[in-house]
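Line by line, the protein sequences give chains A and B.
So that you can map any letter, position 112 of the first sequence is 112 in the numbering used here, and since no number is skipped, the others follow by simple counting.
So that you can map any letter, position 69 of the second sequence is 361 in the numbering used here, and since no number is skipped, the others follow by simple counting.
Certain hints may be false.
Said to hold, decoys possible - Chain A is faced by these chain B residues, among others (derived, beta-carbon under 10 Å): (1) Q379; (2) P381; (3) M449.
As the list claims (entries may be wrong) - Computed list of chain B residues with no C-beta within reach of chain A, every gap over 10 Å: (4) A369; (5) D389; (6) M390; (7) D397; (8) G399; (9) M419; (10) E459; (11) T516.
Said to hold, decoys possible - Just some of the chain A residues that point at chain B, by a computed CB distance under 7 Å: (12) L88; (13) R89; (14) G90; (15) A172; (16) Q175; (17) A179; (18) L182.
Please keep in mind that the hints were generated in silico from the structure rather than gathered at the bench.
Yeah, the Cβ is synthetic: ideal placement off N, Cα and C, and Gly gets one too.
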Amino acid sequence: MASQIYQAVVDGILVGGVYALMAVGLTLIFGVLDIINIAQGVLVILGAYLSYSLSTRAHIDLFTGLLITIPVMFIIGVVIHWAFIRRLRGSERTSMTLLVTYAAALIIEGVLYMLYGADNVQLKASYTTSSVHLLGFYLPWIYVYGFILAVVLVLAVYLLLYRSRFGRTIRATMQDETAARLVGIDVNRVSALTFGIGVAVTAVGGMMYGATNAFNANSGYDLISRLLAIIILGGLGSIGGALAASVFMITLESVVTIWEPTWAIAVFYAALVLVLVIRPQGFFGRKEVRAQ
Amino acid sequence: MPSDSEPALVLDGIVAGYGGGDVLRGVSFEVPQGEITCVVGPNGAGKSTVMKVISGLLRPRQGSVTLAGKKLNGRSARQILKAGVVQVPQQHSLFKDMTVAENLDLGAYTVRDRAAVRQRTDRVYEMFPQVKEWAGQKAGALSGGQQRLAEFARALMLEPELILLDEPSMGLSPIVLKSVFDAVKRMNADGATILLVEQNARAGLKLAHRGVVLENGTVRLAGTGREVLEHPEIGELYLGGAAKTA
Numbered sequence: 001m002a003s004q005i006y007q008a009v010v011d012g013i014l015v016g017g018v019y020a021l022m023a024v025g026l027t028l029i030f031g032v033l034d035i036i037n038i039a040q041g042v043l044v045i046l047g048a049y050l051s052y053s054l055s056t057r058a059h060i061d062l063f064t065g066l067l068i069t070i071p072v073m074f075i076i077g078v079v080i081h082w083a084f085i086r087r088l089r090g091s092e093r094t095s096m097t098l099l100v101t102y103a104a105a106l107i108i109e110g111v112l113y114m115l116y117g118a119d120n121v122q123l124k125a126s127y128t129t130s131s132v133h134l135l136g137f138y139l140p141w142i143y144v145y146g147f148i149l150a151v152v153l154v155l156a157v158y159l160l161l162y163r164s165r166f167g168r169t170i171r172a173t174m175q176d177e178t179a180a181r182l183v184g185i186d187v188n189r190v191s192a193l194t195f196g197i198g199v200a201v202t203a204v205g206g207m208m209y210g211a212t213n214a215f216n217a218n219s220g221y222d223l224i225s226r227l228l229a230i231i232i233l234g235g236l237g238s239i240g241g242a243l244a245a246s247v248f249m250i251t252l253e254s255v256v257t258i259w260e261p262t263w264a265i266a267v268f269y270a271a272l273v274l275v276l277v278i279r280p281q282g283f284f285g286r287k288e289v290r291a292q
Numbered sequence: 293m294p295s296d297s298e299p300a301l302v303l304d305g306i307v308a309g310y311g312g313g314d315v316l317r318g319v320s321f322e323v324p325q326g327e328i329t330c331v332v333g334p335n336g337a338g339k340s341t342v343m344k345v346i347s348g349l350l351r352p353r354q355g356s357v358t359l360a361g362k363k364l365n366g367r368s369a370r371q372i373l374k375a376g377v378v379q380v381p382q383q384h385s386l387f388k389d390m391t392v393a394e395n396l397d398l399g400a401y402t403v404r405d406r407a408a409v410r411q412r413t414d415r416v417y418e419m420f421p422q423v424k425e426w427a428g429q430k431a432g433a434l435s436g437g438q439q440r441l442a443e444f445a446r447a448l449m450l451e452p453e454l455i456l457l458d459e460p461s462m463g464l465s466p467i468v469l470k471s472v473f474d475a476v477k478r479m480n481a482d483g484a485t486i487l488l489v490e491q492n493a494r495a496g497l498k499l500a501h502r503g504v505v506l507e508n509g510t511v512r513l514a515g516t517g518r519e520v521l522e523h524p525e526i527g528e529l530y531l532g533g534a535a536k537t538a
C-alpha cells in the first residue's frame with residue numbers, strides 16, 4: 001500500500017506539471033487582464049492539434065514543433081484579443097469576456113471538428129510510451145520532460161513579469177489601468193501582448209496534454225473547469241501558485257484514486273472549497289493586488 | 293500679481309461631457325508659463341473634467357486646447373503626455389505593489405534614453421530627498437501624504453511643460469497638506485508650470501499666481517489668485533466669506 005501511495009504522489013507531481021503548463025496562461029490572462037478566458041481549454045486542444053499536424057504530416061518532433069506552435073498560438077491569441085476583447089469596456093467587462101471567449105471557443109471547436117473530425121487522437125513519439133526506472137518508481141519519460149518544461153516555463157513567465165521592463169508595464173496595467181495610461185503605457189498594446197503570451201504558453205500545455213491523453217475537439221470543456229479551479233486555488237495571477245496548485249490538486253486526486261476512483265473528482269473540488277474557506281485568496285494570491 | 297508671461301496652455305471655448313450632457317459649456321482660460329494657476333468652483337462645476345480634457349482622457353466636443361502654440365485636442369493621452377503634459381490624478385495613482393524607485397522609473401516610461409532617466413532620477417531625488425529615502429519601499433506602504441510627494445516626483449521624471457494636479461489635498465490632514473503644498477511651490481520655483489484643481493479653494497488660491505472660478509461648466513471669474521480670493525461675491529459663494537487681506 002505504501003509503495004502504491006508513493007507512486008501515486010510521484011504521478012500526481014508529474015501530471016500536475018502538465019496541468020501547470022495549461023494553467024499558467026489562464027492565470028496570466030485572468031490575474032493581469034481580468035479576462036475569464038473560457039476558450040483556454042479549447043486553445044489547449046488547438047495547441048495539441050497543431051502539434052499533431054506537425055508530427056503526423058511534417059514528421060517534426062513534438063518538442064521541436066513547439067518552436068512553430070508557440071509563435072502561431074501567440075498570433076492566434078493577439079487575433080482573439082483584437083477581434084473579441086479589445087472593444088469591451090466598463091464595469092461589465094469581465095463578465096462580458098466570459099461570453100465573448102465562449103463564442104471564440106465555439107468557433108475554434110467548430111473549425112477543429114471540420115478539420116479533424118470527432119475521432120480521438122493522441123500525440124506519439126518514442127518517449128510517449130517509454131519509462132525510466134528511478135529510485136524504485138516507474139516514471140514515464142513524457143511526464144518527466146513535461147515537469148521539467150513546466151518548471152522552466154513558470155520560471156520564464158516569472159522572469160518576464162518581474163525582471164523585465166515589459167513585465168513592469170504588465171504589472172502596472174494590472175494594478176491601475178488609468179494610472180498606467182497616465183504614465184504613457186499603451187494599455188491596449190500591453191493587453192493584446194499579454195493575452196498573446198497567455199495563449200502562446202497553451203501551445204506547450206496542449207502538446208503535453210495531447211501526448212498524455214487521447215483528445216478530440218470537445219476535450220477542452222473537461223479541462224477548463226479544472227484549470228479554473230487550479231488558478232483560483234493557486235491565487236489569481238500567481239504564476240508559482242498555478243504550479244503549486246496543479247501539483248497539489250492532481251496529487252490529491254491521484255492518491256484518492258487508489259481507494260475510490262469515482263470520488264477523485266469530488267475530492268478535487270472539495271479541496272478547493274476547503275482551502276478557499278481557510279484562505280480566500282488562494283495559496284499565493286494577494287488580497288488587494290488587483291485594481292478594481 | 294498680474295502676469296506678463298506667455299501662456300503655456302490656452303483653453304478656448306471647450307465644450308465637453310459624458311454621454312448626452314455637457315459638463316463644460318464653453319470654457320476658456322489661459323495658464324501662464326512658469327506660474328501656478330488654480331481652478332476652483334463648487335462640486336459638479338467641471339473642474340476634474342477640465343483636467344481630463346487637457347490630458348486627453350476625454351475628448352472635447354468643441355473648442356481647442358493649445359500647448360505652447362501646438363494643438364492638443366484630438367491627440368491621445370499618450371501623445372499629450374509626450375508633448376509634455378503630465379497629470380497627477382485625484383485618486384492616488386502609484387503602483388502600490390511596486391517600489392517607489394520602480395514607480396519613478398515608470399514615470400519616465402516614454403523616455404528611451406536610460407542615461408537621461410538616471411540623470412532625471414538623481415535630479416528628482418535632489419528636489420525630494422524624502423522620496424529618495426523611500427526608494428526601496430513598496431509604494432502601498434507609504435502614507436497618503438508621502439504617496440502624493442512620490443507622485444509629484446514621478447510626474448517630474450518627464451520634465452514636463454505642464455503639470456496638472458487634480459485635488460492634491462484630497463484626504464490629507466492640515467499638517468500633511470502644508471508639506472504637499474510646499475512641494476507644489478518647490479516644483480514651481482524650479483520652473484514647472486502648474487495647473488491645480490482644488491476643492492480647498494482658499495488654500496489653493498493663496499498658493500497660486502492665478503485663479504479661475506468655474507461655475508456650471510463656464511468660467512465665472514479669472515484673475516490673479518488674490519483678486520479671486522478677495523472678490524466679495526466669490527468669497528461669499530465658495531470661500532465661506534471674502535478673504536481678509538493679509
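Assertion that D389(B) lies outside the chain A interface [Cβ separation over 10 Å]:
Check fails; 6 Å does not lie beyond 10 Å.
Under 10 Å is the threshold here; is the Cβ of M449(B) close enough to any Cβ of chain A for the hint to stand?
9 Å, holds
Once the closest CB in chain A is found, is it more than 10 Å from M390(B)?
With a cut-off of 10 Å, M390(B) comes too close to chain A, as the shortest Cβ separation is near 7 Å.
Take the shortest C-beta to C-beta distance between G90(A) and chain B; is it under 7 Å?
Violated. Min distance 12 Å.
Beyond 10 Å from chain A, beta-carbon-wise, is E459(B)?
15 Å, holds
Is the Cβ of M419(B) more than 10 Å away from each Cβ in chain A?
The claim holds: M419(B) sits with its nearest Cβ about 19 Å from chain A, beyond 10 Å.
With a cut-off of 7 Å, does the beta carbon of Q175(A) approach a beta carbon of chain B closely enough for the hint to hold?
Nearest chain B Cβ about 5 Å off; hint holds.
Say whether it holds or is violated: G399(B) keeps its Cβ farther than 10 Å from all Cβ of chain A.
It is violated; G399(B) is separated from chain A by about 6 Å at its closest Cβ, not greater than 10 Å.
According to the definition I'm using, a residue is off the interface if its beta carbon is farther than 10 Å from all beta carbons of the partner; does A369(B) meet that for chain A?
5 Å, violated
Closest CB of chain A to the CB of T516(B) still more than 10 Å away:
Label holds. Min Cβ-Cβ 30 Å, cutoff 10 Å.
Does the nearest C-beta of chain A fall within a distance shorter than 10 Å of the C-beta of Q379(B)?
6 Å, holds
Is it the case that D397(B) keeps its Cβ farther than 10 Å from each residue Cβ in chain A?
Contrary to the label, D397(B) does not stay out of reach of chain A, its closest Cβ about 8 Å off (not over 10 Å).
Checked against the numbered hints listed earlier, the structure breaks hints 4, 5, 6, 7, 8, 12, 13, 14; every other hint is satisfied.
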